[in-house]
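Protein chains in written order, with full-length UniProt numbering: chain Z, 1 to 270; chain X, 1 to 285; chain E, 1 to 355.
Please keep in mind that the hints were generated in silico from the structure rather than gathered at the bench.
Heads up, a few of these hints could be off.
To be verified - Cβ-Cβ distance ranges computed for the label pairs, FRET-style:
no., chain 1, residue 1, chain 2, residue 2, range
1, Z, 251, X, 263, 48 to 58 Å
2, X, 58, Z, 106, 39 to 49 Å
3, X, 63, E, 125, 50 to 60 Å
4, Z, 137, X, 48, 35 to 45 Å
5, X, 48, Z, 50, 56 to 66 Å
Yeah, the Cβ is synthetic: ideal placement off N, Cα and C, and Gly gets one too.
One letter stands for each residue in the lines below.
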Amino acid sequence: MSGASTMFVQQRPVGLGFALLIVLLYVFLLVPLVTIVGASFTAGLMIEFPPRGFSLQWYREFFGRRDLVDGLLLSLRVGAITAIVTTIVATMAALCGQALSGRKGGWFQLAMTLPLLVPELLTAVGLLFFLFKIGLGKTVLGLQMGHILMSFPYAYVSITAALRQVPSSLDEASASLGATHWQTFRMVTLPLIMPGVVMGAIFAFINSFDLYTISLLLKPLGGNTLPLALFDFLTYEFKPTAAAAATISIVLSVIGVALVQRLVGLQRAF
Amino acid sequence: MIKARHLRLLLGAPAVVLIFVFMILPITNMVEMSFRVPGTVEPFGDDYTLMHYTRVFGDSFYWGILARSLLTAGSVALLCLIVSYPIAWHLSKASGLKAALLYALIASPLMTGVLVRNFGWMIVTALNGPLNETLIGLGIISQPLRLLFTQGLVIVALVHVFVPFMVLPINNALRNIPDNLVEASVSMGASRYRVFRDIILPLSFPGIQPGLILVYVLAVAAYVTPALLGGQMVTYMPTMIIAELTGTFRWPLGSALAIMLSLSTILVVGLFTMLTWRLMERARA
Amino acid sequence: MATVDVKNLCKRYDDFVALDGVSIAARSGELVTLLGPSGCGKSTTLRCLAGFLEPDGGEMAVDGQSILATPSNRRGFGVVFQNYALFPHMTVAENIGYGLRLRKCSGSEITTRVHDVMSLVKLTGLEHRMPREISGGQQQRVALARALVLKPKLLLLDEPLANLDARLRDEVRWLIRDLQQQSGITAFYVTHDQSEAMAISDMVAVMKKGRVAQFATPREIYQKPVERYVADFTGEANFLSCRSLEACGEGRMRISVGGAELDVDCVPSLEPGEAAELLLRPESLQLATLGEDVTFRGRIVKSAFLGASQHCEIALADGGVLKLTTAPNAPVRIGDEVGIVVDRSHAWLMPEGTK
Numbered sequence: 001m002s003g004a005s006t007m008f009v010q011q012r013p014v015g016l017g018f019a020l021l022i023v024l025l026y027v028f029l030l031v032p033l034v035t036i037v038g039a040s041f042t043a044g045l046m047i048e049f050p051p052r053g054f055s056l057q058w059y060r061e062f063f064g065r066r067d068l069v070d071g072l073l074l075s076l077r078v079g080a081i082t083a084i085v086t087t088i089v090a091t092m093a094a095l096c097g098q099a100l101s102g103r104k105g106g107w108f109q110l111a112m113t114l115p116l117l118v119p120e121l122l123t124a125v126g127l128l129f130f131l132f133k134i135g136l137g138k139t140v141l142g143l144q145m146g147h148i149l150m151s152f153p154y155a156y157v158s159i160t161a162a163l164r165q166v167p168s169s170l171d172e173a174s175a176s177l178g179a180t181h182w183q184t185f186r187m188v189t190l191p192l193i194m195p196g197v198v199m200g201a202i203f204a205f206i207n208s209f210d211l212y213t214i215s216l217l218l219k220p221l222g223g224n225t226l227p228l229a230l231f232d233f234l235t236y237e238f239k240p241t242a243a244a245a246a247t248i249s250i251v252l253s254v255i256g257v258a259l260v261q262r263l264v265g266l267q268r269a270f
Numbered sequence: 001m002i003k004a005r006h007l008r009l010l011l012g013a014p015a016v017v018l019i020f021v022f023m024i025l026p027i028t029n030m031v032e033m034s035f036r037v038p039g040t041v042e043p044f045g046d047d048y049t050l051m052h053y054t055r056v057f058g059d060s061f062y063w064g065i066l067a068r069s070l071l072t073a074g075s076v077a078l079l080c081l082i083v084s085y086p087i088a089w090h091l092s093k094a095s096g097l098k099a100a101l102l103y104a105l106i107a108s109p110l111m112t113g114v115l116v117r118n119f120g121w122m123i124v125t126a127l128n129g130p131l132n133e134t135l136i137g138l139g140i141i142s143q144p145l146r147l148l149f150t151q152g153l154v155i156v157a158l159v160h161v162f163v164p165f166m167v168l169p170i171n172n173a174l175r176n177i178p179d180n181l182v183e184a185s186v187s188m189g190a191s192r193y194r195v196f197r198d199i200i201l202p203l204s205f206p207g208i209q210p211g212l213i214l215v216y217v218l219a220v221a222a223y224v225t226p227a228l229l230g231g232q233m234v235t236y237m238p239t240m241i242i243a244e245l246t247g248t249f250r251w252p253l254g255s256a257l258a259i260m261l262s263l264s265t266i267l268v269v270g271l272f273t274m275l276t277w278r279l280m281e282r283a284r285a
Numbered sequence: 001m002a003t004v005d006v007k008n009l010c011k012r013y014d015d016f017v018a019l020d021g022v023s024i025a026a027r028s029g030e031l032v033t034l035l036g037p038s039g040c041g042k043s044t045t046l047r048c049l050a051g052f053l054e055p056d057g058g059e060m061a062v063d064g065q066s067i068l069a070t071p072s073n074r075r076g077f078g079v080v081f082q083n084y085a086l087f088p089h090m091t092v093a094e095n096i097g098y099g100l101r102l103r104k105c106s107g108s109e110i111t112t113r114v115h116d117v118m119s120l121v122k123l124t125g126l127e128h129r130m131p132r133e134i135s136g137g138q139q140q141r142v143a144l145a146r147a148l149v150l151k152p153k154l155l156l157l158d159e160p161l162a163n164l165d166a167r168l169r170d171e172v173r174w175l176i177r178d179l180q181q182q183s184g185i186t187a188f189y190v191t192h193d194q195s196e197a198m199a200i201s202d203m204v205a206v207m208k209k210g211r212v213a214q215f216a217t218p219r220e221i222y223q224k225p226v227e228r229y230v231a232d233f234t235g236e237a238n239f240l241s242c243r244s245l246e247a248c249g250e251g252r253m254r255i256s257v258g259g260a261e262l263d264v265d266c267v268p269s270l271e272p273g274e275a276a277e278l279l280l281r282p283e284s285l286q287l288a289t290l291g292e293d294v295t296f297r298g299r300i301v302k303s304a305f306l307g308a309s310q311h312c313e314i315a316l317a318d319g320g321v322l323k324l325t326t327a328p329n330a331p332v333r334i335g336d337e338v339g340i341v342v343d344r345s346h347a348w349l350m351p352e353g354t355k
């Protein structure tokens with residue numbers, strides 16, 4: 001009940017102009033996405049919005065293109081492995097981070113989020129040289145390592161946040177009942193942080209699926225991720241097939257947003 | 001008890017190895033690379049030299065591109081702030097279902113790839129695209145505007161990419177301002193404008209400053225957007241670096257350019273942090 | 001220095017009625033307390049006066065002039081909040097001077113007035129501290145100074161002591177009362193603490209579910225409550241169900257209770273024969289020593305030694321229970337049969353009500 005009005009009554013209510021501005025800004029945020037989804041369903045031959053008629057022909061076309069489908073498959077595979085590996089490593093790291101406090105904890109936190117703080121471009125350039133040096137240049141494994149590195153902080157931050165909500169007294173209570181560390185983790189901690197872990201996996205997957213610059217520099221011989229394939233496609237053919245491919249990517253991220261909303265609520269996630 | 005703690009610390013080892021081996025070592029490697037002599041067959045040679053730095057820092061061509069990159073990133077960060085502040089304000093006042101919906105609206109673009117979002121702008125700004133059609137329909141212009149492959153579009157698309165990064169910290173800062181600070185200042189006679197200027201704006205600075213820094217750093221090093229929407233005409237540091245690495249295979253020169261970009265970014269961010277230190281210090285509740 | 005008239009104020013949120021016809025008045029220079037449990041509408045009333053909420057109906061007037069159409073920032077009232085609401089990014093002096101700066105006072109005038117009010121609330125020397133660097137009690141005094149420096153027509157205080165510990169609460173309470181009386185500012189004070197309300201108010205409005213249950217002086221509220229709710233909320237109380245027999249003079253009634261017949265003061269509207277309850281405050285009861293006029297007899301069922309006093313509960317023959325406080329030096333034992341002496345001039349009869 002309190003705070004029903006934060007602005008003062010009987011002065012002009014928030015102006016019509018401000019409302020209009022807000023609407024325009026949200027339109028600005030959404031317009032590129034809406035346009036892509038719309039354009040992917042066109043029955044015409046060109047990318048246009050609003051679409052001409054309705055058809056699924058460009059999705060058919062997309063799934064008939066080797067280069068794009070291969071890209072999609074590689075992206076899905078790399079993304080899935082990234083999600084699994086990062087989640088496990090990040091959960092372990094979060095447990096370690098919890099045991100550190102004060103200045104040490106701060107440094108650990110900083111180190112764990114480093115890939116997020118240093119521009120992707122620099123990491124990508126460094127990795128290009130390094131992987132070349134250790135013989136992993138232009139391999140899927142090298143690309144995979146790059147994706148794991150870049151997605152790691154997202155999982156780490158989500159899981160750490162979830163872990164922070166678990167009172168440490170639960171650990172002690174469980175130990176006092178005779179549980180081993182592993183039993184405590186399996187039966188007390190993990191179930192409690194599960195939403196955060198799953199959210200971390202989702203973030204890691206989506207981030208990996210969207211990575212561009214690092215994939216460009218580390219791309220394996222003859223292999224393209226979907227964003228790379230899409231970029232090439234856009235440079236040479238500007239056809240609604242691209243809109244169909246992009247729509248698939250948008251749908252994935254909307255599913256991710258919905259899952260996160262269900263799991264922990266977006267407000268807590270960000 | 002000590003044993004349990006050591007066990008815990010051990011759990012962090014894989015992550016530390018990951019970060020160290022695949023991040024710290026590579027970046028050190030890049031610094032080393034920038035001192036290598038150019039190679040003839042390989043992308044780099046065996047000996048060390050300062051020639052890339054003297055070349056890069058001595059050539060106004062590179063300075064010009066660096067300046068363009070820094071200025072573009074600066075305007076992107078500022079525009080981003082202008083666009084994001086009203087959204088953050090609106091979001092911070094929402095609760096319940098409305099807030100969930102707005103968060104989804106802001107998070108959906110955030111979780112969609114940069115390439116996809118840039119592609120969206122290509123469709124929107126095409127010669128016969130919806131933007132031109134709308135403007136012609138409204139009678140604002142008579143001929144369609146050529147927007148694609150312009151610096152303006154690069155800026156707009158970058159702003160679009162980074163808006164969520166700015167909205168979220170400002171939203172958090174605004175949510176941390178207790179309602180009754182506003183009420184207190186109103187009861188002392190403050191107008192709507194003075195409440196904003198004296199209370200809301202300074203107290204949201206702890207969201208504004210990190211937002212500006214984050215967006216600036218990300219924008220300086222953004223590659224996809226200028227590459228896709230900037231066309232061949234406009235070169236930025238990231239596009240040039242990638243061209244040196246994957247096109248002409250002059251890895252040492254590319255590294256020197258990357259380091260030049262990093263150093264200047266650190267300088268700008270450091271300067272900005274120092275200039276705004278007082279504002280931050282005050283607002284830190 | 002202003003008179004305030006609040007008439008029939010109403011406010012609802014969806015299907016929750018926050019204010020259901022609240023009427024209160026303050027004469028010039030009075031401190032009026034709104035007392036009640038959380039959710040009774042006391043803060044809502046204050047927030048309507050401050051202009052933070054718009055009432056759905058009713059009238060609010062200061063010096064006979066309606067303030068309904070005046071926006072909050074032009075009402076010229078001082079507001080003190082429970083959590084102080086100090087601006088965390090301004091120093092103590094800047095906080096206090098903020099309102100003066102809004103009024104475009106000159107720099108030297110601001111300095112003098114801030115200095116004067118700071119010495120008034122004993123904060124001299126803390127000018128350049130940030131709010132987070134001073135104690136809770138000091139913060140509350142800054143909040144008070146910030147409101148007073150503008151010489152407001154009306155001072156609104158919303159549970160100003162709730163976040164302070166008990167020791168400080170007393171000190172700041174007297175400071176508030178002294179300053180309010182010295183400056184003669186009319187004030188509204190919201191609290192859920194009855195002793196606080198009693199101690200500093202000229203008038204108290206006890207609120208219940210969005211209405212004013214009783215609006216009177218502290219003495220009347222305590223000694224002559226109009227209903228059980230008010231009696232309960234204002235302090236320790238014993239209630240005995242009784243039968244009223246007949247009126248015996250203006251505002252007096254003869255009753256039969258616990259085997260005794262008494263003549264007591266009563267709520268004026270009470271009719272003979274109506275079901276009624278007798279209010280006996282613990283301090284108007286005493287254990288009988290020899291030779292006194294015993295009103296009730298009973299058995300001690302509980303006792304607690306509190307140091308400066310002892311507390312005991314006595315079960316009467318007809319099932320009623322009386323709580324009372326005795327001097328500490330004569331031990332009381334559970335199971336003892338005792339007689340109780342009632343100070344009849346402070347017994348009070350009310351219509352029977354729900355709890």
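- Report the numbers of all earlier hints that the structure fails to satisfy, in ascending order. Numbers 1, 4 - these are the hints that the structure violates, sorted from lowest upward.
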